[in-house]
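Using the sequences and the hints given, assemble the complete structure.
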Amino acid sequence: MDQPVTQISGSARPRLPRGVRLTHNEAQGGWLLLAPERIFKADAISAEILKRCTGEVTLDTIVDDLARAFAAPRERIHADVVKLLGSLADKKLLEL
Amino acid sequence: MAAPDSLPAPLGLLAELTHRCPLGCPYCSNPLALDKRDDELDAAAWARVFREAAALGVLQVHLSGGEPAARRDLAEIVKAAREAGLYSNLITSAVGLTAQTLAALSEAGLDHVQISIQDSDEASADHIAGYKGAWARKHAAAGEVARLGLPLTINMVVHRANIGRIEPMVELALSLGASRAEIAHVQYYGWALKNRAALMPTREQVDIAVRQVELLRARHHGHIVIDAVVPDYYARFPKPCVGGWGRRSLNVTPAGKVLPCHAAEVIPGLEFWSVRQHSLLDIWQASPAFMAFRGTDWMKEPCRSCDRREQDFGGCRCQAFLIAGDARAADPICHLSPHHALVVQMAEARAEVGYSYRSL
Numbered sequence: 000m001d002q003p004v005t006q007i008s009g010s011a012r013p014r015l016p017r018g019v020r021l022t023h024n025e026a027q028g029g030w031l032l033l034a035p036e037r038i039f040k041a042d043a044i045s046a047e048i049l050k051r052c053t054g055e056v057t058l059d060t061i062v063d064d065l066a067r068a069f070a071a072p073r074e075r076i077h078a079d080v081v082k083l084l085g086s087l088a089d090k091k092l093l094e095l
Numbered sequence: 000m001a002a003p004d005s006l007p008a009p010l011g012l013l014a015e016l017t018h019r020c021p022l023g024c025p026y027c028s029n030p031l032a033l034d035k036r037d038d039e040l041d042a043a044a045w046a047r048v049f050r051e052a053a054a055l056g057v058l059q060v061h062l063s064g065g066e067p068a069a070r071r072d073l074a075e076i077v078k079a080a081r082e083a084g085l086y087s088n089l090i091t092s093a094v095g096l097t098a099q100t101l102a103a104l105s106e107a108g109l110d111h112v113q114i115s116i117q118d119s120d121e122a123s124a125d126h127i128a129g130y131k132g133a134w135a136r137k138h139a140a141a142g143e144v145a146r147l148g149l150p151l152t153i154n155m156v157v158h159r160a161n162i163g164r165i166e167p168m169v170e171l172a173l174s175l176g177a178s179r180a181e182i183a184h185v186q187y188y189g190w191a192l193k194n195r196a197a198l199m200p201t202r203e204q205v206d207i208a209v210r211q212v213e214l215l216r217a218r219h220h221g222h223i224v225i226d227a228v229v230p231d232y233y234a235r236f237p238k239p240c241v242g243g244w245g246r247r248s249l250n251v252t253p254a255g256k257v258l259p260c261h262a263a264e265v266i267p268g269l270e271f272w273s274v275r276q277h278s279l280l281d282i283w284q285a286s287p288a289f290m291a292f293r294g295t296d297w298m299k300e301p302c303r304s305c306d307r308r309e310q311d312f313g314g315c316r317c318q319a320f321l322i323a324g325d326a327r328a329a330d331p332i333c334h335l336s337p338h339h340a341l342v343v344q345m346a347e348a349r350a351e352v353g354y355s356y357r358s359l
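Here the protein sequences line up with chains Z and X, keeping their order. Going by numbering that gives the first Met the number 0, the first sequence wraps up at 95, each residue one higher than the last. Going by numbering that gives the first Met the number 0, the second sequence wraps up at 359, each residue one higher than the last.
None of these hints come from the bench; they were simulated from the model. Some hints here could point you the wrong way.
What the hints assert, rightly or not - Subject to a maximum C-alpha distance of 27 Å in a straight line, what follows is the list of computed DSSO-like cross-link-like pairs (lysine-lysine):
hint : chain 1 : residue 1 : chain 2 : residue 2
1    : X       : Lys78     : Z       : Lys91
2    : X       : Lys238    : X       : Lys131
3    : Z       : Lys50     : Z       : Lys91
4    : Z       : Lys40     : Z       : Lys90
5    : Z       : Lys40     : Z       : Lys82
6    : Z       : Lys50     : Z       : Lys82
7    : X       : Lys238    : Z       : Lys90
8    : X       : Lys35     : X       : Lys193
9    : Z       : Lys91     : Z       : Lys40
10   : Z       : Lys90     : Z       : Lys50
11   : X       : Lys35     : Z       : Lys50
12   : Z       : Lys40     : X       : Lys238
13   : Z       : Lys50     : Z       : Lys40
14   : X       : Lys78     : Z       : Lys40
Here's what the structure looks like:
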């Protein structure tokens, strides 16, 4: 995946805009992000990130929370989160 | 109940709520023989279809037509889609779609609106639609969609009369507040096939248009997503039509017949089942039309031994029938098809003739 164009600051409060929904479907085998005319499979990590994009918490809080929940280095989580969210923002699938 | 593991789970359902439409676009993909109002499924039947679709794995329902706004019970239908857990997408000409209806649809949980525009030039747009005032009405409706905060796609069907105006059409989509634009070159089925000679662009026009889309994508990256449906008459390989027959999607006609794709009724001898007599699960699993070209066993050469058989699934069955006269043949768009020369000839057969407008 190319590096996203959109840069996200630690104080941004990412949220899924209207028309973009995270859903779970057994027949399709897990988590999916539904958007206009497109469907993205979300792996377990992506789903955990997206569930936290409510517009209420900051990027920093999301990263701290995930680093704690998965007992993983903060820098690595941060890199994963900004890459996923940046690429979604590039596609107009995330509001900052 | 979901489909057994051996069968793929469909992702999308195209719900043709009605064939009625105030516009007469000559590239309409509807069949030449349109379903009548009296035969249309009612809202309760659609609600059942949506529940069965969701259980089968369907995630998105595309509410289409004809013009879906011609139905008085559209909000009820949208609500039923939402209650079934489906993502709902309204595919509309926006003519006849009032501010009041839009507010009701938004309230009912509609997820996304796609409005078609015929051209960036008003007079040309109304001429193509065969409806004076269509362009102005579409603008008003798009403004209302933006005001309600509903995500908007502007769909532009591209053909010889407007292919030189892709750039202003994308600018128009941006000014209407769209987050997505769809540049769809005409696909030649239904009314479009009837009007092929009047609609077909030249290869040079198509090449310029494809480059134009690339430039516009780069210029507007992060502001609007531009998706393009490529013009297959000038392609080397066929499109993976509907993502493979009976693999990813279903189409329900206004009267309730379930088709693997919207054009499938042109293929003679296929037996379609109706939601009036069967559950969607039964139809997906066992209806003769869905079984006919599922997988790769039905294929002939050159598809049967082709490396791309699981990639493009032999292309489009309808096009194979319409051009090669055999629904099991390779889609003649493919340069490996023994009938490919016919496609080249057809693309050359352009004529400056008036449109045959879609009508009941």
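Check the structure against each numbered hint from earlier and tell me which ones fail, lowest number first. Of the numbered hints, 2 and 11 do not hold.
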